[in-house]
Each structure stands twice: as C-alpha cells, then as structure tokens.
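**Q** Next come the chains, spelled out residue by residue.
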Amino acid sequence: MKYKDYYEILGVARDADTDAIKKAYRKLAHKYHPDVSKDPAGEERFKEIADAYQTLKDAEKRAAYDQLGRHQPGQEFQPPPDWGRQFGDTQFSFDDVDLADLFAGLAGGRRHAGQPGGSFKRPGQDYEVTAHITLDEASRGTTVELNLTVPEYDAQGRVHRVARSFKARIPKGATDGQRLRLRGKGGKGMGGGPDGDLYLNIALHPHALYRVSGHDLYLDLPLTPWEAALGAVVEVPTLGGSVHLKVPPGTHAGQKLRLARRGLPKPSAGEGDLYAIVQIVVPTVLSERERALFKELADGSTFNPRGHFEQEIRHEA
Amino acid sequence: MKLEQADAMWLDAQCECSIAELVRLSGLSEAELRELVDYGVLAPINPQETEWTFSGDIVLTVRAAGRLRDDLELDAHTLALTLTLIKRIRELEAQIGNLRAQLPRRSA
Chain A
1 MKYKDYYEIL GVARDADTDA IKKAYRKLAH KYHPDVSKDP AGEERFKEIA
51 DAYQTLKDAE KRAAYDQLGR HQPGQEFQPP PDWGRQFGDT QFSFDDVDLA
101 DLFAGLAGGR RHAGQPGGSF KRPGQDYEVT AHITLDEASR GTTVELNLTV
151 PEYDAQGRVH RVARSFKARI PKGATDGQRL RLRGKGGKGM GGGPDGDLYL
201 NIALHPHALY RVSGHDLYLD LPLTPWEAAL GAVVEVPTLG GSVHLKVPPG
251 THAGQKLRLA RRGLPKPSAG EGDLYAIVQI VVPTVLSERE RALFKELADG
301 STFNPRGHFE QEIRHEA
Chain B
1 MKLEQADAMW LDAQCECSIA ELVRLSGLSE AELRELVDYG VLAPINPQET
51 EWTFSGDIVL TVRAAGRLRD DLELDAHTLA LTLTLIKRIR ELEAQIGNLR
101 AQLPRRSA
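First to last, the sequence lines map onto chains A and B.
Using our numbering, you'd call the opening residue of the first sequence number 1 and step up by one each time.
Using our numbering, you'd call the opening residue of the second sequence number 1 and step up by one each time.
Some hints could be false.
In silico SDA-like pairs for lysine to any residue, Cα to Cα no more than 20 angstroms straight-line [stated by the list, open to error]:
{"id": "1", "chain 1": "A", "residue 1": "K266", "chain 2": "B", "residue 2": "E16"}
{"id": "2", "chain 1": "A", "residue 1": "K22", "chain 2": "B", "residue 2": "E73"}
{"id": "3", "chain 1": "A", "residue 1": "K2", "chain 2": "A", "residue 2": "A63"}
{"id": "4", "chain 1": "B", "residue 1": "K87", "chain 2": "A", "residue 2": "V36"}
{"id": "5", "chain 1": "A", "residue 1": "K38", "chain 2": "B", "residue 2": "L68"}
{"id": "6", "chain 1": "A", "residue 1": "K172", "chain 2": "A", "residue 2": "R183"}
{"id": "7", "chain 1": "A", "residue 1": "K172", "chain 2": "B", "residue 2": "D12"}
{"id": "8", "chain 1": "B", "residue 1": "K87", "chain 2": "A", "residue 2": "P34"}
{"id": "9", "chain 1": "A", "residue 1": "K57", "chain 2": "A", "residue 2": "D101"}
{"id": "10", "chain 1": "A", "residue 1": "K57", "chain 2": "B", "residue 2": "R67"}
{"id": "11", "chain 1": "A", "residue 1": "K188", "chain 2": "A", "residue 2": "P123"}
{"id": "12", "chain 1": "A", "residue 1": "K172", "chain 2": "A", "residue 2": "L182"}
Derived Cβ-Cβ restraints for the label pairs, each shown as a range [claimed, not checked]:
{"id": "13", "chain 1": "A", "residue 1": "H244", "chain 2": "B", "residue 2": "Y39", "range": "50 to 56 angstroms"}
{"id": "14", "chain 1": "B", "residue 1": "G97", "chain 2": "A", "residue 2": "Q75", "range": "43 to 49 angstroms"}
{"id": "15", "chain 1": "B", "residue 1": "G97", "chain 2": "A", "residue 2": "S301", "range": "38 to 44 angstroms"}
{"id": "16", "chain 1": "B", "residue 1": "A20", "chain 2": "A", "residue 2": "A163", "range": "31 to 37 angstroms"}
{"id": "17", "chain 1": "A", "residue 1": "R26", "chain 2": "B", "residue 2": "L99", "range": "32 to 38 angstroms"}
A short list of chain B residues far from chain A (calculated; beta carbon distances all over 12 angstroms) [stated by the list, open to error]:
{"id": "18", "residue": "S18"}
{"id": "19", "residue": "A31"}
{"id": "20", "residue": "R63"}
{"id": "21", "residue": "A76"}
Derived from the structure by calculation, the hints contain no laboratory data.
Cβ atoms here follow ideal geometry from the backbone N, Cα and C, with glycine treated the same way.
Pulled out of the complex, with its shape left as it was, chain A reads as follows (with noise of 0.2 angstroms):
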C-alpha cells in the first residue's frame, strides 16, 4: 500500500483542529472541484483533496491514519501489526489496496462489510469519461473502446480497482460537448443494488479544414479578387463530398455563404449546415501580364472602399 499524507495534501499542520481542516479543504475546493475548475488536473486533484479531508474530518478515520505513523508520500508501507485488528477486518490483505479506498470502507472506525445475500444495498458507482472521436467519425457513428481503472465492491464489501473495458457505440449525431448516458454500464451494485451508469463527454479532435459549432461546420473558402467581384462556381469540400457552390457577383471579404444541410447530421433528424467563410486573397508574386492587368483596373475604376473615412479627414483638417 502506497502512503499519502493528507495533511500535506490539505496543507495543514499535524495537530490542526477541525475547523482548519474543514477551511483548508474548502478553499481547495473552491479552486479544484471538477464542476468549477477548468485546471485539467483539477479532478485528479480534488479527489486526492477530497479522500484526505473525509479521512481527517472523522475523528476515529483520523486517529485510525495517525496510527499509520508518517513515511513519505508514495512510499511502500504496511500498517503496524495490531491496526487491522483495531481498525478494520482481521483478514484484510494490505498488498493491492488504495490508502482511500481503504479509509472510504472504515465506518465509525470500523470497517462495514456488506452481508453477502443480506440487506446492504449498496448502488453501483456512476462513471463519466471522455471519448475523443474524429468529424468524419461523429458524422457517421463510430464504436469505441474505453479502458477504465475503477474502483468495484466484492462481496464482503472491500473496494478494489479493477480493470474493465467496454465498447461503447456512439450513434451518428455527437458533436463536441455532448453526453451520452450508457444505462448500467458504471460500477456494479451491490445486494441487489442498481448498476451505476456510464457517462460519456464526447470531445472532437480538431480537424483541419472545418471548425465546429454545435452541429454547423465553418470552413474558411480562399477567392481571388476577380472571382468575388464577378462572382463565380467554386469546388468546396464538405463531409459527405465535394460540391459545387455558386458564389454572386460582388461578394465581400468575411461574408458567410451557407451550404445547407452539409453540416453535422444531429441526434434525432436533420444536419447542421456548413458555412463558408469567404477570404478575399490576393497574389503575393505578381507576373508582369497580372501587374499590368491589376494597373489598369486601378486607372479605370472609381471604386473607393474608403468613402466613408472622407468626411471624418475632412473634419480633421
């Protein structure tokens, strides 16, 4: 069993009274707890946080962890021989057990066994993990495999973690941010208790050509200055294959041409659409025929994009 010092964790002395170590835990709860954290190290943090403050705010959990004596944070230990005799179950094995999960089966200082066939019934824990998928996948549906350490009840109520894999189908229809429930696919319950379920946060790896909005897709679409002012018929990918898109005379640098329906499909019926933004681009490296060409606009046309900056110069002067 790996040593955790919880009154490092919570940042408080070794004698500190209830009331620091309810405050110390409280303020890093504020900064770690999951649902109001953004730190991506904040879960893992407060569980740590959470498992050392409902440890030291028991007082018979505390006296039962002081007893374990100090020794540095993940280092190897085994409690003194009387502890189990003392604090939990004579037969406890030590070797493959977490320091919490050890301290979260101790009631009162007593470790609570469930009754194998009794009364305890105890629920299955629920799971929420993050499935990372690609576009192409969101837009067709995808099956994926999900490898999880969880923490599951045996029949004498003792925690373990145990490996479990699942695959989960994720039907056409996810984009980024949504969640999906997998109904009795968390831990297992205990005495006749209900499964816990699995919750699956569905994140979408960045994709190269399209951004993401909900179930509408941006696609940033390059014309050449000729092409927006005389309007013309551009290729333009989209998930379900290229198409042809009309753009009209005259069109500006920013504007959003839509593609309807070629977005993400969405859960129960339809697409998202997808929309073209337009770039206006201009040569970098002009050859002498295109230089000419580009003089000769500039000498015949009146066209000032400017106009309304006159009167604020005029102004000015």
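Place chain B on chain A using the hints.
**A** This is chain B only, laid out in the frame that chain A set:
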C-alpha cells in the same frame, strides 16, 4: 478481460426524465429538486402536473448539483446560486466557441 458492448442514449431535449429518475441519478432528494425548481434553476416540461418530467439535457446539471452539495456542503440557496452562475459560464463558453468557429483560421 471481458469486453462489453453498450449502446448509448443522448442526454438532450429529446429524452425525458421523471423526477424519480433524477433523484436516482443525482443523489438529491425529491424535496431538494423541487426547491431547485422553486429557485428557477430547473424547469419541468409539465409544471402544471403533479408528476413532473424534465428534459434529458438537465441530467448533468442535477448530477453536478449532487456533487456540489456533497463535496462543498452547500445549502439549497447557495447551490441554486452556484448552479445559476455555472449555467451562465457554460452559456458564455458556448458563445465564445461559436464565435471562434467563425473566425478565419488563416489570414487572407
């Protein structure tokens, strides 16, 4: 290792949840859920009826409510305020995400 296959259901407005189901999913009591409705944090689809049902997209809100109540020892009023502020943050984050999607990736 046994590999289990599982089908998934979307947690969105298309699926509905009874209040009893929300109690089971969140660990909150029915009285606490009704208090969150009174504070305007949750809205049943059928407020006129005695057996309330809710849109499936609030499942995660009530699960967060259960965790926050347990982990931060919040009372109903503080919990309602916290959930309201979290909801506003989520909405603003979604708006930022939508606006970011519309920004060109490469400069023209």
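**Q** Hints first: check each against the structure and report whether it holds.
**A** Right, here's what the structure says about each hint:
| no. | hint | in the structure |
| --- | --- | --- |
| 1 | A:K266 - B:E16 | holds, 17 angstroms |
| 2 | A:K22 - B:E73 | holds, 10 angstroms |
| 3 | A:K2 - A:A63 | holds, 18 angstroms |
| 4 | B:K87 - A:V36 | holds, 11 angstroms |
| 5 | A:K38 - B:L68 | holds, 15 angstroms |
| 6 | A:K172 - A:R183 | holds, 18 angstroms |
| 7 | A:K172 - B:D12 | holds, 14 angstroms |
| 8 | B:K87 - A:P34 | holds, 14 angstroms |
| 9 | A:K57 - A:D101 | holds, 16 angstroms |
| 10 | A:K57 - B:R67 | holds, 18 angstroms |
| 11 | A:K188 - A:P123 | holds, 7 angstroms |
| 12 | A:K172 - A:L182 | holds, 15 angstroms |
| 13 | A:H244 - B:Y39: 50 to 56 angstroms | holds, 53 angstroms |
| 14 | B:G97 - A:Q75: 43 to 49 angstroms | holds, 44 angstroms |
| 15 | B:G97 - A:S301: 38 to 44 angstroms | holds, 40 angstroms |
| 16 | B:A20 - A:A163: 31 to 37 angstroms | holds, 33 angstroms |
| 17 | A:R26 - B:L99: 32 to 38 angstroms | holds, 35 angstroms |
| 18 | S18 | holds, 14 angstroms |
| 19 | A31 | holds, 20 angstroms |
| 20 | R63 | violated, 8 angstroms |
| 21 | A76 | holds, 17 angstroms |
The earlier numbered hint that this structure contradicts is number 20, and it is the only one.
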